[in-house]
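Engineer: Chain order of the listed sequences is Y and X.
Under the working numbering, read the first sequence as residues 1 to 230, first letter to last.
Under the working numbering, read the second sequence as residues 1 to 230, first letter to last.
Keep in mind that the hints were calculated from the coordinates and are not lab data.
Virtual Cβ for every residue (Gly too), placed ideally from N, Cα, C.
There could be a bad hint or two in this list.
The calculated label-pair distances, taken between Cβ atoms and stated as ranges, are [to be verified]:
#1 Y/Leu198 <-> X/Ala47: 42 to 48 angstroms
#2 Y/Asn119 <-> X/Asn84: 43 to 49 angstroms
#3 X/Pro197 <-> Y/Ser94: 47 to 53 angstroms
#4 X/Glu22 <-> Y/Gly218: 55 to 61 angstroms
In silico DSS-like pairs for lysine-lysine, Cα to Cα no more than 27 angstroms straight-line [to be verified]:
#5 Y/Lys88 <-> Y/Lys78
#6 Y/Lys155 <-> X/Lys88
#7 X/Lys88 <-> X/Lys78
#8 X/Lys185 <-> X/Lys21
#9 X/Lys185 <-> Y/Lys78
#10 Y/Lys185 <-> Y/Lys2
#11 Y/Lys43 <-> Y/Lys21
#12 Y/Lys88 <-> X/Lys155
#13 Y/Lys155 <-> X/Lys78
Read off the chains here:
There are 2 protein chains.
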Amino acid sequence: MKAIVLLSGGIDSTVVLALAKEQGLECHAISFDYGQRHRVELKSAAAIAAFYQISHRTILVDPSCFSGPALNSSLTSKTEVPQNRTEKEMSSGSIPNTYVPARNTLFMAYAAGQAEVYNAQEIHFGPNVMDYHAYPDCRPEYFRAYQALINLATKQAVEGSAPRIVTPLIQWDKTEIIKKGLELKAPMHLTWSCYNPLAIHPCERCDACLLRSSGFHGVGVRDPSLKTNS
Amino acid sequence: MKAIVLLSGGIDSTVVLALAKEQGLECHAISFDYGQRHRVELKSAAAIAAFYQISHRTILVDPSCFSGPALNSSLTSKTEVPQNRTEKEMSSGSIPNTYVPARNTLFMAYAAGQAEVYNAQEIHFGPNVMDYHAYPDCRPEYFRAYQALINLATKQAVEGSAPRIVTPLIQWDKTEIIKKGLELKAPMHLTWSCYNPLAIHPCERCDACLLRSSGFHGVGVRDPSLKTNS
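Based on the sequences and whatever the hints tell you, model everything.
Structural biologist: Written as structure tokens, this is what we have:
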């Protein structure tokens with residue numbers, strides 16, 4: 001069975017890929033170059049796809065789509081990303097400035113198209129429990145609505161083979177994700193989390209690095225991307 | 001009130017724009033350069049936006065996304081588009097090779113993002129009754145499912161202002177659309193319908209030109225893009 005796997009280059013999507021590979025799926029990874037300032041993550045995505053020896057397509061998305069008079073994202077503009085927030089702040093329910101307008105709706109649409117051109121039966125995506133406290137397009141009900149849309153949207157759907165959206169991490173926190181990744185021998189050393197593109201990775205200040213750090217701390221394992229003070 | 005209007009450069013989207021302008025909406029037009037072989041339509045889209053003096057953004061979509069081992073589209077590959085089909089054949093319910101994988105799902109996702117960056121309250125899109133016999137992503141139930149998704153997907157949705165999807169032509173045939181366009185003095189002379197990019201427009205063989213021709217015939221008006229034999 002074939003699956004389209006959305007691969008950002010971070011820990012979550014890497015573990016999603018590791019889980020899909022463990023199930024014996026033929027995986028086709030897709031990544032997005034959408035003008036994210038931390039597009040260095042795409043090098044990680046390519047390295048992870050190469051590690052698993054799977055096909056990998058980086059889709060170019062016009063970054064001008066994510067900014068306008070009413071809304072910008074700190075991931076694609078010069079606004080500073082939030083720094084040194086506590087997990088309580090991150091899960092308060094307010095949407096941080098790292099929100100990118102309709103981003104996952106767009107990514108999932110590309111994935112639906114890729115499912116058709118590869119005749120894949122599943123689309124694997126890695127939002128986790130912390131993501132869905134922050135981002136509307138990471139919530140379980142959002143993916144249920146997307147599934148309902150995909151069941152109507154495509155030629156595959158008309159032929160009775162609409163792809164199934166699979167979000168294996170949606171109830172998992174970072175500790176559980178890292179634990180599973182280590183168990184599956186996922187290439188954690190190749191992953192990139194940081195939103196601060198020019199920082200030494202991990203910066204340990206942005207939300208992504210703080211959650212990463214907390215996850216490794218929770219498992220009691222040293223982050224392999226920490227290169228100094230070993 | 002602001003609206004995002006999907007503007008291909010054809011008659012339908014031009015009439016959608018004319019209707020939105022008549023309502024006094026502040027319109028922001030978006031078009032897509034997705035490697036369609038008839039991308040000459042984008043010149044028409046630009047001319048129509050200029051006619052109405054509205055903002056217009058052409059979004060570049062990586063054309064490699066629409067082809068793969070299991071499916072291609074004749075709009076983005078060298079496969080010939082259907083020629084000389086009757087309207088009965090066009091409305092038989094089978095999906096023609098002009099179907100582009102998940103295309104409208106992608107276009108609507110971009111529109112949802114544009115609605116956020118402009119703080120627009122509506123998204124206007126122009127599928128008609130003939131489209132939805134042919135394409136799954138033109139059917140009323142598809143747009144209802146997309147509305148349900150958008151009601152959950154974005155920051156606007158969380159703030160209680162998810163944009164409304166408006167498809168004013170969805171029960172109209174080409175004759176009704178052209179009649180309304182003429183009534184609203186829409187710039188029909190600037191529109192482009194043809195799928196055969198190198199043809200003298202209209203080619204009067206592809207589905208799009210045949211429906212255009214039938215529509216003008218139904219109204220009893222000469223197509224202003226017919227330049228010869230006048």
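Engineer: Could you work out which of the previously given hints the structure breaks and list their numbers from low to high?
Structural biologist: Of the numbered hints given earlier, those the structure breaks are 2 and 9, listed in rising order.
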